[in-house]
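The opening position of the sequence shown corresponds to residue 1 in the numbering used here, with each subsequent residue numbered one higher.
No lab work stands behind these hints, which were simulated from the structure alone. Because the structure is a prediction, the values reported are computed rather than measured. Glycine included, every Cβ here is placed at the ideal spot set by N, Cα and C. It cannot be assumed that every hint is accurate.
Said to hold, decoys possible - For lysine-lysine, the following DSSO-like pairs were computed, each having C-alpha atoms within a straight-line distance of at most 27 Å:
| id | residue 1 | residue 2 |
| --- | --- | --- |
| 1 | 84 | 164 |
| 2 | 84 | 69 |
| 3 | 161 | 69 |
| 4 | 90 | 69 |
| 5 | 161 | 84 |
| 6 | 161 | 90 |
What the hints assert, rightly or not - What follows is a set of in silico ranges between Cβ atoms, one per label pair, in the way DEER data are often shown:
| id | residue 1 | residue 2 | range |
| --- | --- | --- | --- |
| 7 | 21 | 83 | 25 to 31 Å |
| 8 | 164 | 128 | 30 to 36 Å |
| 9 | 154 | 50 | 24 to 30 Å |
| 10 | 18 | 49 | 38 to 44 Å |
| 11 | 135 | 114 | 25 to 31 Å |
| 12 | 103 | 50 | 42 to 48 Å |
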Amino acid sequence: EPAELSGARKKLVPRFLQGAAHPGYCMLHIAFKLGALASYILLGLLIDDKTFCFLIVIILSAIDFWLVKNVTGRILVGLRWWSKIDEAGKETWYFESLGEARQTNKTASLVFWVAMYAIPIIWLIFAITSVISLRFSQLTICMIGCGLAGVNLLGYIRCEKNHKSHVRGFLVDQAKKNISKETMAKVGTMAA
1 EPAELSGARK KLVPRFLQGA AHPGYCMLHI AFKLGALASY ILLGLLIDDK TFCFLIVIIL
61 SAIDFWLVKN VTGRILVGLR WWSKIDEAGK ETWYFESLGE ARQTNKTASL VFWVAMYAIP
121 IIWLIFAITS VISLRFSQLT ICMIGCGLAG VNLLGYIRCE KNHKSHVRGF LVDQAKKNIS
181 KETMAKVGTM AA
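Let's have the full structure, built from the sequences with the hints guiding it.
Next comes the structure, spelled out in C-alpha cells:
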C-alpha cells in the first residue's frame with residue numbers, strides 16, 4: 001500500500017520537479033506567483049472592476065512574499081532574511097542560513113532562484129506594457145507586484161552573499177587553526 005501511495009503522489013508532481021527533495025514546497029513556491037500573474041491577466045480581461053483585480057493580485061502577491069520569506073526560502077535553499085527598523089528610523093537587515101553544512105537540492109534550488117528572478121522581470125514587462133498602452137491604473141498593480149517580488153529577491157541575494165562570506169571566513173579560520181607557522185613559512189618560501 002505505501003508503494004502505491006508514493007506512486008500516486010508521484011503522478012501529482014510535474015516531471016521537472018521529480019528530482020526535488022521537496023516537490024510540494026517547490027509547487028507552493030510557484031503557485032502564488034503564478035496565481036497573481038494569472039489573476040492580473042485573466043481578471044483584467046474578464047472583469048471591468050479594476051478594484052477587484054487590484055485586491056486579488058495584491059493579496060496573492062503579499063501571501064507569496066510572506067511564504068517565500070518565511071517558509072519556502074528556508075526549506076528550498078536554507079536561507080532566510082528579515083529587517084528591523086530601530087527607533088531612530090535606521091533599517092538593519094538580518095540574514096540566516098543553515099550554516100556551513102548547508103546542502104541544497106539542485107532541482108529545488110533551481111526552481112527557487114529561477115522563480116525569484118523571473119517574477120520581478122515579468123511584472124516589470126507588464127508595467128512597461130501598461131505605460132505603453134496608457135493603462136496607468138494597471139501600472140500600480142504591476143509596480144506593487146514587482147516591488148514585493150523585487151524586495152524578496154534582493155533579500156535573498158544579500159542573504160546568499162552573506163552566507164558565502166561566512167563560509168569563506170569559516171574556512172580561513174579553520175585553515176589558520178590547523179596550519180602551523182612553520183608550515184606557512186615553508187609554503188611562502190616555496191611560492192617565492
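query: Which numbered hints does this structure break?
result: none
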